[in-house]
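Colleague: Sequences listed follow chains A and B, in order. The opening residue of the first sequence carries number 1 in the working numbering; numbering runs sequentially from there. The opening residue of the second sequence carries number 1001 in the working numbering; numbering runs sequentially from there.
Everything labelled a hint here was simulated from the structure, so no lab data went into it. Be aware that a few hints might be false.
Unchecked claim - To spell it out: a stretch of chain A is covered by chain B in this simulated footprint if at least three of its residues, at any positions, have a beta carbon under 8 Å from a beta carbon of chain B; those stretches are:
no. : region
1   : 59 to 67
2   : 132 to 144
3   : 173 to 181
Unchecked claim - Over the 10 Å line for every Cβ pair with chain B, so calculated as not near, a few chain A residues:
no. : residue
4   : 23
5   : 27
6   : 30
7   : 53
8   : 87
9   : 98
10  : 107
11  : 148
12  : 185
13  : 191
14  : 193
15  : 211
Glycine residues also receive a C-beta, built at the ideal position from the N, C-alpha and C atoms.
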Amino acid sequence: MSEKQRAASVVLLASPIAGLRGQWSQGLAEKFPLYEVAERTALERSMANLKPAALLLDLALPGLGGVDGVPTIQKLSPLTSVMLLTSTPNDREGLAALKSGARAYCSSETDSALLRKAVTVVLKGEIWVARNVYAPLLEELTSLTERRHKEFPPNLDTRLDRLTPREREIAQLIGGGASNKEIAGRLNITEATVKAHLTAIFRKLGLSDRLGLALFVTEYNRVTR
Amino acid sequence: MKRRKGARAPRRRRGSLAWVEKRPLRVVNILIADSDKAARAAVARTILPLRGMRVVGEAQTGLEAVSATARLKPGVVLLDLELSSEFGATLISILRRKSARTRVILLVGRASESRIIEALSHGAVGCVTKKDVARFLPEALEAVASGEAWMSRKLIPKIMDRLAAFTARAEDLE
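Can you build the whole structure from these sequences, using the hints too?
Modeller: Take a look at the structure:
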């Protein structure tokens, strides 16, 4: 980092509690130029005028309105990395914090060395949250993905329609894990005939092996069920 | 199991299961699914000394992973991301349907971040790069077994981008 960039990395501390601001500044004062505000009006003014690289924001700041108030503050300086601190961290609020655009969410009692690391990685573009926020974050990702797949089935595969009824029957048996011999016995045909059918099935579906076919059929059955 | 005389014995006879929850050790059954024998061995070696973790099966192909998961209902499947490559990330959805309690941790060799995030969005809850198995797998297993997720912090901005894209798209449609 050049001297100029370093000089630009102003960090703004916002908390109604002077002791807390003092605690935060311990680890940061050496590395960053710091400014402190204790209430909302001063925060808005400083955000607009200073355009700090990072804002350490106590969620208990009067008038902020918690996590929901973050976007309004962010608008005053869109490039500032907003880092939220709270005396009562919990994973749901952590997820909401990230979704509001915050780049960090952690305990306001985080020790000074760790807080310095948090600010450093956030300024590099990373996001800093407690590990217990990871699980709800991934749950959200998975449930949105699944909902999307329900609304817009991922190009619902109609390739199975190209098969003849007999071929479809064989494909379903492969999906159930049957061997060629079992299929031959069940349909009362020779194994050679099963193999010939399979070759046709692979060609029509653009697959290369039984594993692919089995998974294809499983997935097809799920989507069409 | 040897029976010891003690205060808990009468409760056991009454059929209470309270003593079970108090046992300090809960064993996590693990399935290793990787086409590479050496990679499976390396993972098994890492797990061997871990308290409360045991390998109950190995799978070499995606299909083996599906049938072993259905049969063994392991607590955790360690899944080589390459194994599901042919079928996109759908293998993970299939594993989860075969056994609802099973949690999937990805073992990643050389894969792009977007493929990892694709797999995470289909329900994997952990991600460990293969070269870091010895160093991070124990921690990842511990976290996932206790209901948390485990991955590199560096993936989080990409995940937030993906979530934001979902939201933006939903707004477009409204």
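Colleague: Taking 8 Å as the C-beta cutoff, is the stated coverage of the region 173 to 181 of chain A by chain B satisfied by three or more residues?
Modeller: With 1 residues in contact (Cβ-Cβ under 8 Å with chain B), the coverage given for the region 173 to 181 of chain A is violated.
Colleague: Is the Cβ of residue 98 (chain A) more than 10 Å away from each Cβ in chain B?
Modeller: violated, 6 Å
Colleague: Count the residues of the region 59 to 67 of chain A with a beta-carbon closer than 8 Å to any beta-carbon of chain B: does the count reach three?
Modeller: violated (count 0)
Colleague: Was residue 53 (chain A) rightly flagged as not at the interface, with every chain B Cβ beyond 10 Å?
Modeller: holds, 17 Å
Colleague: Confirm or reject: residue 23 (chain A) is not an interface residue toward chain B, with every Cβ-Cβ distance exceeding 10 Å.
Modeller: Residue 23 (chain A) is indeed farther than 10 Å from all Cβ atoms of chain B, at 24 Å.
Colleague: Is it correct that the beta-carbon of residue 27 (chain A) has no partner in chain B closer than or equal to 10 Å?
Modeller: holds, 19 Å
Colleague: Would the non-interface assignment of residue 185 (chain A) survive a Cβ cutoff of 10 Å against chain B?
Modeller: It holds; residue 185 (chain A) is separated from chain B by about 21 Å at its closest Cβ, greater than 10 Å.
Colleague: Just to make sure I understand the rule, a stretch counts as covered if three or more of its residues have a C-beta closer than 8 Å to a C-beta of the chain. Does the region 132 to 144 of chain A meet that for chain B?
Modeller: Holds: 9 residues of the region 132 to 144 of chain A have a Cβ under 8 Å from chain B.
Colleague: Non-interface claim for residue 87 (chain A): all C-beta distances to chain B beyond 10 Å?
Modeller: Non-interface label on residue 87 (chain A) holds, nearest chain B Cβ at 22 Å vs cutoff 10 Å.
Colleague: May I ask you to check that residue 30 (chain A) keeps its beta-carbon over 10 Å from the closest beta-carbon of chain B?
Modeller: holds, 24 Å
Colleague: Minimum C-beta separation from residue 191 (chain A) to chain B exceeding 10 Å: can you confirm that?
Modeller: holds, 20 Å
Colleague: Please confirm whether residue 193 (chain A) is truly not at the interface, meaning its C-beta sits more than 10 Å away from all C-beta atoms of chain B.
Modeller: holds, 24 Å
Comparing the model with each earlier hint shows violations of hints 1, 3, 9, 11 and 15; every other hint is respected.
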